[in-house]
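J.: What follows is each chain in one-letter form.
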Amino acid sequence: SQQGEEDPQALSIQEGENATMNCSYKTSINNLQWYRQNSGRGLVHLILIRSNEREKHSGRLRVTLDTSKKSSSLLITASRAADTASYFCATDEHNAGNMLTFGGGTRLMVKP
Amino acid sequence: DTAVSQTPKYLVTQMGNDKSIKCEQNLGHDTMYWYKQDSKKFLKIMFSYNNKELIINETVPNRFSPKSPDKAHLNLHINSLELGDSAVYFCASSLLGEQYFGPGTRLTVT
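Heads up: the sequence lines are chains C and A, in that order.
Residue numbers for the first sequence follow our numbering, so the first one is 1 and each next one is one higher.
Residue numbers for the second sequence follow our numbering, so the first one is 1 and each next one is one higher.
Worth flagging that the hints you see were computed from the coordinates, not collected in a lab.
A virtual CB, placed ideally from N, CA and C, is assigned to each residue, including glycine.
Please note that the accuracy of each hint is not assured.
Partial chain C-side listing against chain A, Cβ under 8 Å, derived [claimed, not checked]:
(1) LEU48
(2) ASP66
(3) ALA78
(4) SER86
(5) PHE88
(6) ASN98
(7) LEU100
(8) THR101
(9) PHE102
(10) GLY105
(11) LYS111
(12) PRO112
Sample of chain A residues lacking proximity to chain C, with all beta carbon distances greater than 10 Å (derived) [said to hold, decoys possible]:
(13) GLY16
(14) LYS44
(15) ARG63
(16) SER94
Estimated spans, in silico, between C-beta atoms of each pair [to be verified]:
(17) A:SER39 / C:VAL44: 41 to 49 Å
(18) A:ASP70 / C:ARG41: 42 to 50 Å
(19) C:ARG80 / A:SER5: 35 to 43 Å
(20) A:ASN51 / C:MET109: 25 to 33 Å
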């Protein structure tokens, strides 16, 4: 089963609105990462948050991590049509040899 | 400059054949990976390779084997291809946690 489960599976918003995606996981982690995948392309790393961090920002991205609830959220503020993509969370688990476990992804569509 | 490259981009082949996908990274990273992404977009780690240490996801059939001629390359060999092997295969590399992905190879087995 998927270590990271993402919610929602699909999200459609208007340009300028904020988009929030959630990720839950099951085991202890070293860090949690968010990636973006445009259709037909490879994944692009967005942000990494370590297990001892609670919040991190990068431009219009804000990531939170709650290790007690084993959950994370990705917020994209002031969305743009170019943000349309699939977003994946990935966990770097303890004793996993740096192998990431990916969630099922959230397909975000931002309408102009 | 391309950071992680894969060839070929598309691969169509028949069941039972043996094929290889090549991956190269010019980032100087120590660890390379292979992932499989199925039609539902689920991404599954297959292998992690670091300085000759290979970590295998136990769910990967032994028809799949990674081969690393040097630190910058990790090729994926697949023997006796099956219909269920059809997917997009991604190579990636990392140094300090975040991973850099190649553009993917779409494998179609007919």
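J.: Each hint needs a verdict: does it hold in this structure or not?
T.: A quick look at each hint next to the structure:
no.	hint	result
1	LEU48	holds (5 Å)
2	ASP66	violated (20 Å)
3	ALA78	violated (24 Å)
4	SER86	holds (6 Å)
5	PHE88	holds (7 Å)
6	ASN98	holds (6 Å)
7	LEU100	holds (6 Å)
8	THR101	holds (7 Å)
9	PHE102	holds (4 Å)
10	GLY105	holds (5 Å)
11	LYS111	violated (21 Å)
12	PRO112	violated (24 Å)
13	GLY16	holds (28 Å)
14	LYS44	violated (7 Å)
15	ARG63	holds (20 Å)
16	SER94	violated (7 Å)
17	A:SER39 / C:VAL44: 41 to 49 Å	violated (21 Å)
18	A:ASP70 / C:ARG41: 42 to 50 Å	violated (27 Å)
19	C:ARG80 / A:SER5: 35 to 43 Å	violated (29 Å)
20	A:ASN51 / C:MET109: 25 to 33 Å	violated (42 Å)
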